[in-house]
Amino acid sequence: MLNGEPYDFQGDTIRDLLLSLEIHGRRLAVEVNQEIVPKSEHDTFSLSENDVLEIVHAIGGG
Amino acid sequence: MNDQFTIAGKTYSSRLLIGTGKYKDFDETRAAIEMSGAEIVTVAIRRTNIGQNAGEPNLLDYIPPEKYTILPNTAGCYTAEDAVRCCKLARELLDGHELVKLEVLGDQKTLYPNIVHTLKAAETLIKDGFKVMVYTNDDPIVAKELEQMGCVAVMPLGSLIGSGLGILNPHNIRLILEEAKVPIIVDAGVGTASDAAIAMELGCEGVLLNTAVAHAANPVLMASAMKKAIEAGRESFLAGRMAKKAYASASSPLEGVIR
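Chains as they are written, first to last, in the numbering used here: chain A, 9 to 70; chain B, 4 to 262.
Excised from the complex, chain A in its bound form:
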């Protein structure tokens, strides 16, 4: 699951996922199964089937 929707992904790491989504290098944060995965681990953190991911960014708010 990715941001609440089923998502099919063929790669391995979070980096691969961010590259395939064309958002690698942007200011964002990634959570896998409700645990933060720090940026420093994006290159090496392997994703598994049934992982639940949240990718967030900053938007306008008060």
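Accuracy of the hints is not assured; some may be wrong.
What the hints assert, rightly or not - Cut-off 25 angstroms, straight-line C-alpha distance, at most; resulting in silico cross-link-like pairs (BS3-like, lysine-lysine): (1) LYS147(B) x LYS123(B); (2) LYS70(B) x LYS130(B); (3) LYS70(B) x LYS47(A); (4) LYS130(B) x LYS47(A); (5) LYS112(B) x LYS13(B); (6) LYS91(B) x LYS47(A); (7) LYS91(B) x LYS13(B); (8) LYS25(B) x LYS130(B); (9) LYS91(B) x LYS27(B); (10) LYS70(B) x LYS13(B); (11) LYS184(B) x LYS13(B); (12) LYS47(A) x LYS134(B).
Just so you know, these hints were derived from the structure itself, not from any lab.
Chain B: place on chain A using the hints.
Same frame as chain A, but now just chain B:
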């Protein structure tokens, strides 16, 4: 006049804290915030739009964290757990930044704070090293509890978020101020410049607002008005207003009046 204030060890010259929501576009957001002179700027944390955001502009390119103190909020969170999770995502997003605006909401109609969950979330966040600026109601007892827990600023509402109804209970804000040892910032309810001035005249350390500027017919001009109102309100507070009287008191001397 050198009149700075300090939050979580950092000193600021502007007592206006401003939100980035509800603007027409990022250009307008940037123009209004620059005009406001604000140094602390709130943002929300939301899911990225998967598959739609390649090349999409990013708010933080317009409001760079190198220039502003970014204050991520927990808007949209209705439980302590969600608010804590949101703050952790914000800290990761902003490279370890620990200053957050905690708001745990009670219902969608009023966006009134859920105090039970706010207290719970504040406790967890403070233990985890966050510097918590907390949105709360205008109850002086709750404000004291939040201060004693270790919140770095307590931010009572003037009236409901986005309502523009102004400071509906200045007496309560005054009660909170009488006992406060951390900055008290009116957060929510300011509709126009005079509302912001009233908050400052009461003795608040600052005002946090968003809709009053973003939904003004001319947001950039209103940002300028808010900047001046907050400066004027602050100076008025420091100057100490005259006593109110029930009857007239002539400003011109009575001696030498022609007969």
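Structure-based check of each hint:
1. LYS147(B) x LYS123(B): Distance ~15 angstroms between LYS147(B) and LYS123(B) Cα, so the pair holds.
2. LYS70(B) x LYS130(B): violated (28 angstroms)
3. LYS70(B) x LYS47(A): holds (22 angstroms)
4. LYS130(B) x LYS47(A): With Cα atoms ~23 angstroms apart, LYS130(B) and LYS47(A) stay inside 25 angstroms; holds.
5. LYS112(B) x LYS13(B): Cα-Cα ~35 angstroms, so violated.
6. LYS91(B) x LYS47(A): holds (13 angstroms)
7. LYS91(B) x LYS13(B): holds (21 angstroms)
8. LYS25(B) x LYS130(B): Between LYS25(B) and LYS130(B) the Cα gap is close to 33 angstroms, so the pair fails against 25 angstroms, i.e. violated.
9. LYS91(B) x LYS27(B): violated (29 angstroms)
10. LYS70(B) x LYS13(B): holds (14 angstroms)
11. LYS184(B) x LYS13(B): holds (16 angstroms)
12. LYS47(A) x LYS134(B): holds (22 angstroms)
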